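Start from the sequences, fold in the hints, and give me the full structure.
Residues per chain are reported as follows:
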Amino acid sequence: MNLEISNLVQRFGETTVLDGLELRTGDVRSLVLVGPSGGGKSTLLRILAGLDVPVAGSVVFDGEPLSRDESSLRAYRRTVGTVFQAYNLFPHLTAMDNLLLPLVHVHGLSEPEARARVREPLERFGLANHAHKRPAELSGGQKQRIAILRAFVVQPKRMFLDEPTSALDPEMTAEVLEMIGELQGLGTQFVLVTHEMGFARRAADLVAFVGDGRMLATGTPGEIIDRCDVPRVRSFFARILP
Amino acid sequence: MPRWLAHMIVVVLFAALIALAFARVDYAWNWAGVWGYRQKLLQGFGVTIALSLASLIASTLVGMLTALLLGSKHVLLEAIGRVYVELIRGTPLLVQLLIGFYVVASAIGLENRYVVGVLVLSLFSGAYMSEIFRGGLAAIPQTQRDSARAIGLTPWQSFRLVIVPQAVRLVLPAVAGQFVSLIKDSSLLSVIAVSEFTLAAQEVNSFTYSTLETYLPLAAGYLLLTLPLSAVSRMLERRYRYEA
Chain A
5 MNLEISNLVQ
15 RFGETTVLDG
25 LELRTGDVRS
35 LVLVGPSGGG
45 KSTLLRILAG
55 LDVPVAGSVV
65 FDGEPLSRDE
75 SSLRAYRRTV
85 GTVFQAYNLF
95 PHLTAMDNLL
105 LPLVHVHGLS
115 EPEARARVRE
125 PLERFGLANH
135 AHKRPAELSG
145 GQKQRIAILR
155 AFVVQPKRMF
165 LDEPTSALDP
175 EMTAEVLEMI
185 GELQGLGTQF
195 VLVTHEMGFA
205 RRAADLVAFV
215 GDGRMLATGT
225 PGEIIDRCDV
235 PRVRSFFARI
245 LP
Chain B
10 MPRWLAHMIV
20 VVLFAALIAL
30 AFARVDYAWN
40 WAGVWGYRQK
50 LLQGFGVTIA
60 LSLASLIAST
70 LVGMLTALLL
80 GSKHVLLEAI
90 GRVYVELIRG
100 TPLLVQLLIG
110 FYVVASAIGL
120 ENRYVVGVLV
130 LSLFSGAYMS
140 EIFRGGLAAI
150 PQTQRDSARA
160 IGLTPWQSFR
170 LVIVPQAVRL
180 VLPAVAGQFV
190 SLIKDSSLLS
200 VIAVSEFTLA
210 AQEVNSFTYS
220 TLETYLPLAA
230 GYLLLTLPLS
240 AVSRMLERRY
250 RYEA
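If you read the sequences in order, they're chains A and B. Quick note on our numbering: the first sequence kicks off at 5 and runs consecutively. Quick note on our numbering: the second sequence kicks off at 10 and runs consecutively.
Calculated directly from the structure, the hints in this document are not laboratory data. Mixed in with the good hints there might be a few duds.
[To be verified] Straight-line C-alpha distance at most 25 Å; calculated DMTMM-like pairs for lysine to aspartate or glutamate: (1) Lys82/B with Asp73/A; (2) Lys161/A with Asp155/B; (3) Lys161/A with Glu186/A; (4) Lys82/B with Glu18/A; (5) Lys161/A with Glu115/A; (6) Lys137/A with Glu127/A; (7) Lys161/A with Glu26/A; (8) Lys161/A with Glu179/A; (9) Lys137/A with Glu186/A; (10) Lys82/B with Glu74/A; (11) Lys82/B with Glu140/B; (12) Lys193/B with Glu140/B; (13) Lys161/A with Asp209/A; (14) Lys137/A with Glu246/B; (15) Lys137/A with Asp173/A; (16) Lys82/B with Asp56/A; (17) Lys137/A with Glu179/A; (18) Lys193/B with Glu246/B; (19) Lys137/A with Glu175/A; (20) Lys161/A with Glu127/A; (21) Lys137/A with Asp155/B.
[Unchecked claim] Example chain B residues on the side facing chain A (calculated, C-beta under 8 Å, incomplete): (22) Pro150; (23) Gln153; (24) Ser156; (25) Arg158; (26) Ala159; (27) Ile160; (28) Gly161; (29) Thr163; (30) Gln166; (31) Leu170; (32) Val171; (33) Pro174; (34) Gln175.
Small disclaimer: the values here were computed from a predicted structure and weren't measured. The beta carbon of each residue, even a glycine, is placed where N, CA and C say it ideally should be.
Take a look at the structure:
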């Protein structure tokens, strides 16, 4: 994917969350957004995922600008997959029905077609035995993996993952990251917001550091995490890395 | 101890207490007089069932529509819903029935008191129902709407497939309670001379002067309708149970 963001501004009431953010990724397969909490990462991701409309600025994916009108944005959202930090799944539906819902009601598959589509991925990610369960009966990691699978089985152009592991304990975090890595191996492109720097190192083609509503630095994982000379970025990693 | 046994024991104890009270007032029972009018009571019971059923359906529809008004972003629509709900909930059903029948229905030439009764009762109960529905819809967290949007559902699909099924579970107990109230409130239709169960009992009482012998079966008749409703509600609650 090739992402170009120009002068992106987002405000909520009086608060300016994104303040003229710029980004040119070049051709990358995976973009990881890092930075301090409240710096604007999630706000940026929601705009990229077509969930919110910015106050000003433009976002262009592979030469196609994101629309500002809700029905085209909905059409856009149907071509991508989005996973939030938590509470992705619909609690009244089983894991299987959560997976089938978008396939049947958004992408027009018949129920047998949809079931056939999800069978192999469920097996591959070790979730087949949990498909009949409601979210309340699943662990946090299983819930997130079902949520990621739900976004994946619609065969999205790219996936947006907003801190998908930050509500999980280390073991579950590992299982979710492992799954994301495997999806990457299958050719899935993604934009990921995370605090897991180890994963960012392994998986990111490009790391972008978002702080104070701006893009403070972009580069390879090494350039940003280890060798960045921007003081704000350097002090951030000095605090969080062991 | 199993739950049903506990219920039985409490019912028996309660019945014994009531029986004791009746024994002390030394009441001269006259069931024979009332038995002669059983047909009239049964007819009234049938009318109450029919009125209640019609009002249950109509008040649910009224409640749903009004809940949409209350949740509307359009200020005028929201105002209509709000004024209606507060006006109805803040005034006695008795007054609403009298004004509804003798003033409003007369003015528009609606003479069938059964129809008027069902309409007034449905508008009355619908006001309460709307607040239950509105609360249920509002209780579904924003994250659910977000997830629904993220997978590309339209607002209507999100409402139908995500919001409503979860809200139903939340409102079920309150709706069942409202249905029970509605059935009992239908007894007030006697004031506009609808020959329902309570009016039948009042008439039988005025013929026989056997107050307790007519009103005890009246109470039993209402219980006969409301208890199964509670049971069905509990059954549905169990079926819809899942932790959020």
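Hints versus structure:
no.	hint	in the structure
1	Lys82/B with Asp73/A	19 Å, holds
2	Lys161/A with Asp155/B	20 Å, holds
3	Lys161/A with Glu186/A	16 Å, holds
4	Lys82/B with Glu18/A	22 Å, holds
5	Lys161/A with Glu115/A	23 Å, holds
6	Lys137/A with Glu127/A	15 Å, holds
7	Lys161/A with Glu26/A	22 Å, holds
8	Lys161/A with Glu179/A	23 Å, holds
9	Lys137/A with Glu186/A	24 Å, holds
10	Lys82/B with Glu74/A	17 Å, holds
11	Lys82/B with Glu140/B	16 Å, holds
12	Lys193/B with Glu140/B	20 Å, holds
13	Lys161/A with Asp209/A	17 Å, holds
14	Lys137/A with Glu246/B	19 Å, holds
15	Lys137/A with Asp173/A	21 Å, holds
16	Lys82/B with Asp56/A	19 Å, holds
17	Lys137/A with Glu179/A	19 Å, holds
18	Lys193/B with Glu246/B	23 Å, holds
19	Lys137/A with Glu175/A	21 Å, holds
20	Lys161/A with Glu127/A	23 Å, holds
21	Lys137/A with Asp155/B	22 Å, holds
22	Pro150	7 Å, holds
23	Gln153	7 Å, holds
24	Ser156	5 Å, holds
25	Arg158	6 Å, holds
26	Ala159	4 Å, holds
27	Ile160	4 Å, holds
28	Gly161	4 Å, holds
29	Thr163	7 Å, holds
30	Gln166	6 Å, holds
31	Leu170	6 Å, holds
32	Val171	6 Å, holds
33	Pro174	5 Å, holds
34	Gln175	5 Å, holds
Comparing the model with each numbered hint stated earlier shows that all of them hold.
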